[in-house]
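Kindly generate the complete structure, drawing on both the sequences and the hints.
There are 2 protein chains.
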Amino acid sequence: MNTRKGILFVISGPSGVGKGTVRNAVLSKLDDVQMSISATTRPPRNGEVDGVDYFFTTPGRFQQMIAAGELLEWALVYGNLYGTPCEFVSSMLRKGKDVLLEIDIQGALQVKKKMPEGIFIFIAPPSVEELSKRLCGRGNDSAESIQLRLSACQEEMDHIEYYDYVVVNDRIENAVEKVRSIIIAERCRRKNLNLG
Amino acid sequence: MNTRKGILFVISGPSGVGKGTVRNAVLSKLDDVQMSISATTRPPRNGEVDGVDYFFTTPGRFQQMIAAGELLEWALVYGNLYGTPCEFVSSMLRKGKDVLLEIDIQGALQVKKKMPEGIFIFIAPPSVEELSKRLCGRGNDSAESIQLRLSACQEEMDHIEYYDYVVVNDRIENAVEKVRSIIIAERCRRKNLNLG
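Listed in order, the protein sequences are those of chains A and B.
Start counting the first sequence at 1; every next residue gets the next number (this note's numbering).
Start counting the second sequence at 1; every next residue gets the next number (this note's numbering).
Since copy identity is lost for identical chains, a pair holds within one copy or between any two.
Below, simulated DSBU-like cross-link-like pairs (lysine-lysine); rule was C-alpha separation at most 30 Å, straight line:
| hint | residue 1 | residue 2 |
| --- | --- | --- |
| 1 | 191 | 5 |
| 2 | 112 | 97 |
| 3 | 29 | 112 |
| 4 | 191 | 97 |
| 5 | 29 | 191 |
No lab work stands behind these hints: they were computed from the structure.
This is the structure:
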């Protein structure tokens, strides 16, 4: 009664909302979830391991993966290419392993097109004011960059209709508990079970 | 962003599966859920309070409620009538309060017809053998009655397709944690939120 296909959980939300923190805490609380591993053309940093932190790859190979449709999503960030290999995610799902993918909203929309059966969780700020405070608090963004992110956030909130769940990150413990509950609940959905 | 209509959660399953124990434990862990209160023609027992344990009512009034369609479901049990008043549930939902209703499978199917938007959770035994052991272990059922319940269970498992979630009650703590997670998750569903 418990054999089932894995489920892809996509955690997304505006920049600065704390989705990376939520993901890490959820992973530490549920050990039977596999984090998605990205491919990147960025060189490994000290201590980073290929196939664990990233799949390190060349720009040429990355372009091939794009052309062959082998990426669930990809983006160019500060001159480096980053993307999510379909095959890694699909092979985990086939084995019955759930996969957690944390990604920005543009990436999530790309994934939604390729894997609409995934469960999409939108991490929302309690308010735009609060998000603004957090971005300023990080101290590593200029006033201009913060303004840019805030207008992006307003626009990104319009994409909320593509998501299955909305979790307001008012306090990190609350948000983590909610995402954890969503994962446990989805595993109990009748349509996700192999009955009989 | 947090104002929303209440959600009706229906916990159901075969006799002896432990759904009453699950319901009580879930209620003790989530204080913002209202248990549904049944109407009954059975006289109050010592300490039972009208409007808290049951709505105590006369057979005549109960028949009126049936005729007027004022009950989500009803059944005759050992000569007494029991039913779930629509109005109590609906008024809680309108106030944004979630309602938990624990009921047998026949009752759940009646509720499904009147409130298909409810969330239906099937509590399943780990196996028919295990259910048999539990019914025998209770000690208050004859071998014949147990046999009757077990064949009923087989038939009841066919109704699982009407349910949104299936929770296997292998260990009570696990089942309670899953039902609790389902309630928390459903509260985060985008379609259950009043956004904007």
